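> Since chain X is already given, all that's left is putting chain Y on it; use the hints.
If you read the sequences in order, they're chains X and Y.
The opening position of the first sequence corresponds to residue 1 in the numbering used here, with each subsequent residue numbered one higher.
The opening position of the second sequence corresponds to residue 1 in the numbering used here, with each subsequent residue numbered one higher.
Bear in mind the hints are in silico, worked out from the structure with no lab data behind them.
Everything numeric in this text was worked out from a predicted model, so none of it was measured.
Where a beta carbon is used, it is the ideal one built from N, C-alpha and C, also for glycine.
Please note that a few of the clues may not be correct.
Among the chain X residues that face chain Y by a calculated CB cut under 7 angstroms, a handful are [said to hold, decoys possible]:
{"#": "1", "residue": "193"}
{"#": "2", "residue": "248"}
{"#": "3", "residue": "413"}
{"#": "4", "residue": "420"}
{"#": "5", "residue": "421"}
{"#": "6", "residue": "443"}
{"#": "7", "residue": "515"}
{"#": "8", "residue": "564"}
2 protein chains.
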Amino acid sequence: MPRAYFEVKTGAILKKVLYDLKNRILGVKMKILAAQLNYTVGDFKGNTEKILSALQKARDEKIDLVTFSELAICGYPPEDLLLQEGFIDEMESALQKIINASADLFVIVGLARKNPSKIGKPFFNSAAVIDNGALLGFYDKWLLPTYDVFDEARYFESGNLVPLWECKGKKIGVLICEDIWGYEGGVDSSVYLKDPVEILSHEKVDFLINLSASPYHFKKLSLRTQICKRAVKTLNCPLIFCSQVGGNDQLVFDGQSFFVDANSDVLSIAKGFEEDLKIWDTNNMKKEIGEPKEPLEELFSALVLGVKDYFYKNNFKKACLGLSGGIDSAVVACIAVKALGNQNVEGIYMPSRYSSKSSEEDAKALADSLGISLKEISIEAPFESYLNLLSPYFGKLPVDHTEENVQARIRGAILMAFSNKFGSIVLSTSNKSEMALGFATLYGDLCGGLSVISDLTKKQVYEIAHFINLQKEIIPLSSLQKEPSAELRHGQKDSDSLPSYDLLDVIVESHVEFGKSAETIALENQLDLCFVKDVLHRIYQAEYKRRQSPLGIRVSQKSFKDGRRIPIVQKWT
Amino acid sequence: MPRAYFEVKTGAILKKVLYDLKNRILGVKMKILAAQLNYTVGDFKGNTEKILSALQKARDEKIDLVTFSELAICGYPPEDLLLQEGFIDEMESALQKIINASADLFVIVGLARKNPSKIGKPFFNSAAVIDNGALLGFYDKWLLPTYDVFDEARYFESGNLVPLWECKGKKIGVLICEDIWGYEGGVDSSVYLKDPVEILSHEKVDFLINLSASPYHFKKLSLRTQICKRAVKTLNCPLIFCSQVGGNDQLVFDGQSFFVDANSDVLSIAKGFEEDLKIWDTNNMKKEIGEPKEPLEELFSALVLGVKDYFYKNNFKKACLGLSGGIDSAVVACIAVKALGNQNVEGIYMPSRYSSKSSEEDAKALADSLGISLKEISIEAPFESYLNLLSPYFGKLPVDHTEENVQARIRGAILMAFSNKFGSIVLSTSNKSEMALGFATLYGDLCGGLSVISDLTKKQVYEIAHFINLQKEIIPLSSLQKEPSAELRHGQKDSDSLPSYDLLDVIVESHVEFGKSAETIALENQLDLCFVKDVLHRIYQAEYKRRQSPLGIRVSQKSFKDGRRIPIVQKWT
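The following block holds chain X by itself, in its conformation from the complex (with noise of 0.2 angstroms):
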């Protein structure tokens, strides 16, 4: 039958000539909602309430494509939580409400499903694509990040696909996270064998749609944008980058979801570290980018949302720590307060024989400037009381660490008895550069639900001080110009145990975030290379404090504990 092939032949050529033309007349036109929402983990209730609301105002708004980030009904990242039995259940009805709740409209939502093979792993990380109340199909994420803090290759099977979808006569290519970090080669310490973006590279994609979980880092938007622009100069489309925001356990998810316009313009940028339901309209768009945020004022925005979803998420309303008069409790005060309010924060003033006037002072105008409870309670008394009940089996020993530490010890007891006694969180105040060198107390000043700057280098708890006190002195300047001491010995300095901050900042940032060996930080630095070997011993020699300590809000590419797993007994070091 030559003659209906022909036909149809024709047909769909016509239909692809007036196709190319109504783009090139009226442009890729869409309405597009990124629904950039904070979601808690095994949340299936609340998720799918924000889901469906955000799908009301989608059709309050008359959108064309709506778009989840990834895992958006379970929340990112569910970690074990996943392999429970009824889990992944409850993720199948929740995506059914969602899609009774599609009509009339396109909607790209991220969870995980079943893996229906049955070989592999278990699940699949996938977005479900939905069409006006019916369920089109999945796409499977392919790159499954396993390094630092990620572990999807413990729970999900790679996917084999890329479909395009059809939305408003538009092709739409739907890739998830990490699926387009694989194309320009490594991440971290993964090289990925398959890339989706060079599949979708040989169709004609009109918009490329990617559903993110990425979590924050210092300065980790400008990495986001020049990967996704990588990818749209290949695809020749626009790019809607859609992410979660929230903290859940140790990771912040900023928002920033953004728009690539086909040149690789980055048009508009979400809302950071709070839920924007952002429409583009692709026919009318303006680039409506400011000036770029501080990368300081970021950082302190990850940690206060850090803090606050811990809270809220956990049912959490008031905060106590130790105020010191030092600067590390100094920063976390202030971001406790700007997280829970001043009313919910309460500081504790622990003075022993060793603490000094100003200690005392500091921590007061401190308390004033922010207007939180102080209370001051002396350590003198238990002190003395565990002094004498040791006396008879120290006998003439030296005093060392150990009295320094009962004091630390003493100081984290009565803390946890106000968090006993009134429901209240005790933050943790110790900052990354004393945790690499385990200098802090285990169960002493490492006490705590939350540690809030436990992946801050020292020289940023200074920059971050800084940045607080830029509009007025919050933190008094006497905090930020004493030299450091933990004030359990007379006349004692940090520095008479560890390298000065600066130097100690440099390693621990060069090894711990850029793995690199003692010889080479040695060099870069032209500093001695057996100093430089013993800091990094005893980095490892401290693994067991860390292991015990806190969560922590992870706002570094590479943090302690999760993201950098070192065993406890080894001896490589």
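Using the frame of chain X, we list chain Y on its own:
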């Protein structure tokens, strides 16, 4: 050149016929040494010395083939040490030393090696095959466990070839651990897409060598032999399963390398829980298997080895622990004495106003029967001191868990003071049932370097206690018979705060180890669903405590922490 071709072919056929005939007449003869050694992670020097000394023994004993276990050169599991600059280079240097020392020997040794292709993950988990001082090549592990405590996909790319190696005219198949576990379907939630045993089944294999790093859990050996027998049935050849032994962080490797003949009969098992340079002369194999060890004896041995290696490999010598007169601390003391010697274990009995006379008697009786030193240090003075300090703030609020926790934290601080002053390591004594519900005080009884029985349910603690008492009453009967109590208030019983341990243990095991839902557990055990749900809820709520608890020794299929990664912030339960 048809004639030449014919000649070659005839030669090959002739060779094959003679080879088969020889095998049929002489049997598949080989003298094999399975070097079951105790490696320390990252200890290239020490591990290499052990390997070289085994090679010397092999030479002395005229061994045909020596095999070592998985990742022998660096120890298993190296975790993120693998990713540190320089680590893999030291592995290569160590391999070169081993190759150099392999004259006249056929050696198979486990190590990580760089992935030469630069695509995929940076390393292979490999077996180097060495013949007479020359490296023949590598076998790269196919199946990479990425579940439970295993993170192999974080580091390794999967291999794609299963070469057969020739040693003394025999065809040797080499697989690495998990490679043999995929054959029978899934392991945990992993069902592998490919199967190296299946590939080997198309060839004539004379011996299959499995280099393993399969950690102990309760009743693991029979599972291992069962898996191996299936492979043997398929390949129709003897199998040598070569294990490592020793404790590395939370994992304990039990050794017990074994030999399965071509009839799937396990003929010989190397020593459990210690090193063994086990020689099997395949031409002269007799069944030399005694009665299988009591599972409880194995469990006890595993805990002892876990403690021993934590101390030995960290260069620690002395342990101290709080002896309460209860069963948990008694069992931990017995394990510690077996591991470290009674001269290296110190008990501290720390009574309060709530302690019973019998607790003191039981603590003393235990210390006597173990021959360990016992200090008695009342916590009354610091307790009083804390109460005075806090009373202005607590006012007339009722006494509650706050005051209980203060006591536990004083005990923790005293233990830590002894640890700091005398360099002993505190052993934590919480069991899995308590850890499940968070029935333990953070920074109190959860203090310590090592949590010895944190993976034993209360039921197992009693069973181990009875096992310890089999020959003579070491643990006082009174500790075994009295109702468990934390003695933190007058007349307190564990059953005031916890379900009966019988019920609790069933729920913990069913949910944590076997992943069963509340509904399934209620149904299977005829329990009230609300009650089961409440217990599960409490398990999830206590996640934050477990995150800050010390390293524990894993002895079950599913221990808390690394093997079970649950978010702290989540709303599923």
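> The structure should be examined with respect to each hint, and the outcome stated for every one.
Now for the hints, and whether the structure bears them out:
Satisfaction of the interface hint for residue 193 of chain X is found here, the shortest Cβ-Cβ separation to chain Y being roughly 5 angstroms, below the 7 angstroms cut-off. Restraint check, residue 248 of chain X versus chain Y: the minimum CB separation of about 6 angstroms is within 7 angstroms; hint holds. Given the 7 angstroms rule on beta carbons, the hint for residue 413 of chain X holds: about 4 angstroms separates it from the nearest Cβ of chain Y. Contact between residue 420 of chain X and chain Y, as hinted, is supported at the beta carbon level, the nearest pair being about 4 angstroms apart and thus within 7 angstroms.
Given the 7 angstroms rule on beta carbons, the hint for residue 421 of chain X holds: about 4 angstroms separates it from the nearest Cβ of chain Y. Because the beta carbon of residue 443 of chain X sits about 4 angstroms from the nearest beta carbon in chain Y, less than 7 angstroms, this interface hint is met. Nearest Cβ of chain Y to the Cβ of residue 515 of chain X: about 6 angstroms, under the 7 angstroms cut. The hint holds. Checking residue 564 of chain X against chain Y: minimum C-beta separation of about 6 angstroms stays under 7 angstroms; hint holds.
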